[in-house]
Amino acid sequence: MLTIKNLHAEVDGKKILKGLNLEIKAGEMHAIMGPNGAGKSSLASVLAGRENYTVTEGEVIFDGKNLLDMSPEDRAREGLFLAFQYPVEIPGVSNLNFLKTALNEIRTYHNLPAMEAKEFLKLTKEKQQMMDFNANLMNRSLNEGFSGGEKKRNEVFQMAMLDPKFAILDETDSGLDIDALRIVANGVNKLRGADKAFMVITHYQRLLDYIVPDFVHVLADGVIVKTGNKDLALELEEKGYDWLKEDVHQKESV
Amino acid sequence: MTSDINKSFYDFISNGMPGPEQQTDVNNAILPARKAAFSRFRSLGLPTLKTEEWRYTNIQRYLKDAFTLAEEEQSTVTAEQLKGASIPKLDSYTAVLVNGRLQPALSQLPADGKITISKISDAAGNAQLQAWFDKHPHLQKQPFAALNAAFFADGLFIEAGVNASLDKPLHIIHVYTAAANAFIQPHHLVVLHKSATLEIIETAVGLNEAAIAFVNSVTEVVLEENAELWHYNVQSTIKNSRHIYHTSALQKADSRYHHFNFTLPAAELTRNNLSVALTGSNTETNLHGLFLATEQQHVDNHTFVDHQVAHCNSNELYKGVLLDNAKGVFTGKIMVHQDAQKTNAFQQNNNLLMSEKANINSQPQLEIYADDVKCSHGFTVGRFSEEALFYLRSRGIGEEAAKTLMVNAFAFDITDQVHIPALQEFLSDKIRRYVTGAINN
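Just so you know, the sequences run in chain order A and B. Counting in the UniProt record's numbering, the first sequence runs from 1 upward without gaps. Counting in the UniProt record's numbering, the second sequence runs from 1 upward without gaps.
Some chain B residues close to chain A (C-beta under 7 Å, calculated; not the full set): (1) Arg393; (2) Gly396; (3) Ala409.
Simulated restraints, written as ranges between beta carbons of each label pair: (4) Gly378/B to Val11/A: 33 to 39 Å; (5) Asp63/A to Ser355/B: 32 to 38 Å; (6) Glu144/A to Glu399/B: 19 to 25 Å; (7) Lys114/B to Glu144/A: 43 to 49 Å; (8) Val11/A to Ala370/B: 54 to 60 Å; (9) Glu235/A to Arg433/B: 54 to 60 Å; (10) Glu51/A to Gly437/B: 20 to 26 Å.
DSS-like cross-link-like pairs, simulated, lysine-lysine; straight-line CA separation at most 27 Å: (11) Lys194/B to Lys252/B; (12) Lys357/B to Lys239/B; (13) Lys89/B to Lys100/A; (14) Lys125/A to Lys165/A; (15) Lys100/A to Lys430/B; (16) Lys135/B to Lys114/B; (17) Lys118/A to Lys89/B; (18) Lys196/A to Lys65/A; (19) Lys125/A to Lys151/A.
Note that these hints are calculated values from the structure, not bench results. Treat the numbers as computed from the prediction; the structure is a model and nothing was measured. The C-beta atom is built at its ideal place from N, Cα and C for all residues, glycine as well.
In isolation and in its complexed conformation, chain B is listed as follows (with noise of 0.2 Å):
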């Protein structure tokens, strides 16, 4: 079940951390969840480098070190604190959680009977929390979700009625901070009801450079019939953090969910596992994904799109550009079932390398048993080209405006396809400054 060199992490588990059964804040509603959760974790396992899925991340040695949970309220957290996480211009509610917990006193949150937004452990009885916590099909196989159901601390949740929307996106800031190596694992679930729409953005903030952010989020969504998510994470957070993002959706008939995916510096692991389960026709799935890694920095995507019913488009593009020694990884997985008949599904992963150093590794994974589909996919690996750069530079643009410039063109198709000009003011300044800093290190 566990191999010697996770003994210390397996320890961890087992004896630092309370069994499922103490875990009090929601315990009456979610105990037996979570008790299903840890045996299937238990039956998983930690993942090693013969476990296909996690062949080019070893996960191992981000777990070596000793962690402790991050379970204080932090109610130090100020404002100031935040910046690093705001978004200049932006016009939105807010939602501001510390370590994964609701701050309602930092927090700006809409006053719309249709739409709830609470702690997870408020809502332990919700029946959309009763029907949907850890149900997912994608979750069932992997152990870091298992271990998040089994032991997760709290989370947001989200329910937005049929017909609701807001009239502006909902900012969720995640702030992550802890004296010591902390283990950190938020669940989140966002129902949204028929015919709702929304905007959501997430930033993320970690405060202490001295200690370890090991984070392990959970993030469900529901999208009921014809209903309509236009959904935004932008990872981007110190040096001394390690993430495991799940993010796994499931649409019903008609419905759209455009799901976008900026990871930038300076986690030092970005894992994401992201999956989409089409349960219903005629629905539209857009994966735009950007991650720019710089340093030591290990980013992996995967992506899982499961066209289960016929009439189903999704449309996945996914853009890397990698500096210094910076390491990646895309594994996009299209599943197009027997029944999944006039299915559209197309995939694309496109890569700059800036550097001699920097690698990335690409896997297009495409499973079909329907015989009346259109679907395709694609990689490329380019390096940035010397020749390019003296063309700019001989025209009077410096160096790092002429990368900023390049990769700015190359990571356009991604960036203009963000329907929040705050947003995508706020993303291009991040890259600028990213690439200014690479070329500077």
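Only chain A is shown next, with the shape it has when bound in the complex (with noise of 0.2 Å):
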């Protein structure tokens, strides 16, 4: 489903990813985890397509298509979703009129219909029932005085809501208490599927025992430096990740 080949991509002149490849199939979870400043939130970026980061090399292949020559809005209208570190407060605009506006972008991209307005409530009645979303929190303005947990939890919501093929959690669980952290899993649990792929960074163990992955990747100084399966987020979480700097030599953080 996604390719990542030799991608090299800076910000402000300074080498962030340093030659990253990296496979992601259909149906699997992979989780990226490392040190601080490692490059997992500018992979995240770059991958989203955020302008202030500049791809030197390498290409990235979604589904087909080179999602690097895409915009932001036509990575999202082909199915990419990025689930913000610090989603963004947007007053005045309330969050069902934002997600109404985002499906029927990407419904138009797609040559489809706008979606009535019947469809469109139950649906979101739907989503949010299965997300144990807060209805209360649906009128209200994006993100805005929502606390750190309700807008996490609004990402989540929001990812059921636009249904992508491909969902990176940007340290969704980073901020959470342990209940809201096991309501969040298990949304993400819950929209898994064989269609379907995640790409899920934390710095913490934890959330993979309750996101379970199937490969887990360590990034550091721009660049994989392993890879193992679920197990290996248990032995990072025992031994740091000092033992695989012997390998790759370490940049200052970001």
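From these two lone chains plus the hints, build me the complex, please.
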């Protein structure tokens, strides 16, 4: 589904990704771990199309198409979703109006008619219950005044609404207490399927107790230095990252 | 009295225009008022950048072209040409004015004995016209209002009798058209007698891109006891037009005035002088403004709420969205006189700059001489957030739709107060098209 080949990227002239390779197939759950400044969130940003990142080398093929040639909105329309580490507050734009606009823009891209109001409300209700998302938050301004946990849950709710093929969760677990973590993880698990794939970026092994990955990758200094199964996460929890640094020269964090 | 740069304009006024006594249509009734206005204009002179009220609007550069009077009757305006100013789905009466002159054949006026809608020139003998024409206290110091009163060609006269009301809004469509650069001066008077209620929507359309239409208009509003007026002014016309709008209302006890000002592309100059004099107690005044300017537009809003007596409430919210190289000015004055105890007066101006080159000057001015009042004012200037834009785009929302969503969200506090759904929809649609147009420039 997603093939990353020799990806190099920089921001403000600083090299962040230095030849990253990764292959993600449909149905798979990949966890990306690694020390601060390794380039985890940068990888998410580059894939989602954040404009201050410049790709200097390499390619990313998403479902047979060159992802890096697409605008951020077209990547989303093709089925890529990024759950933000820091979701943005947008005063005045209601959560529901925002989702309706997003859904319809995606549908237009695929030559589908706009969704009927009734159908949209039905879908909203279904996903809101499925994700255990507070219905009162849906009519509020997008993320405005939401607690950290509510924002993260809103990201997962949006993901359920937009139904992407490939979703990146950028430290969705950070700032969540154990109950919220369990709810978010349950939500993600409900969305798993043979035709979908996930990339979960996390610092902590505990998320992976709830979202069990098929692969765990360690990202350090802009490249993947080690790949294993879920046991690798446990090993990292125990030993930290220092033992991996023998192979890779670490640079200061971004 | 006049500086060199305005010499041609001044010459135009003194030579090119017929003197007040040659304005034949309302001669007998209005002539003394015209003459008084002309001498007032001569003593006030044309504003320069040193005139406090015109510091941020260099009016001279908009006056240096040669103008003629758009005197000829424009009977050639077709229904098709009115489309630019019509509001789809709006169920209303209409009054079509061409260069300030009412066109009964193009209009659908209400047949209600309590409500008079006519040309001002046909109302010359009316006692209300005699009583109120050019009498508003705030117009006395404004040179362009004086110029208008001295030389105006015609305008609309609306009088609603005691307890009168209409079953639907009155939509006034202003058509401005002239073969050559023209200085057009309509003067309107709206009088609502005791407990009368009206809803007025104004829109405008310019027909000739090849010539400049400089419109210097005055609208005087008088609200007698317990009268209520909903007054929507949608200022959206062609690029080659320059507007100075004076809207001056006088409110007597228990009256309610809800004024909405929407300044949209593409007139190169829009100056609004909106003022309300509260002369009776227990009144309510709501001033809502939304200005959205693109390209090289210059939009200047000067508002004045004059609390002369006790127990009045005023509430003002103006929001500005500036794109491209547009410039905005907001000067909001609230005066609370010594006798105006128990006044509630609130004012807020929020601005959103969508481009690096857009610019806004905002100055609230409060003068309070009473001690038992609640007053507040504030202004903000925000820049369009790139992070918010990226967030929306990452959800599949294109740049145009994302910016429109954000501008609509910003404008929501104003558009939400519009109680006529067709008008609300019309405005949202215009906002969408202008934001989209600015992105594609």
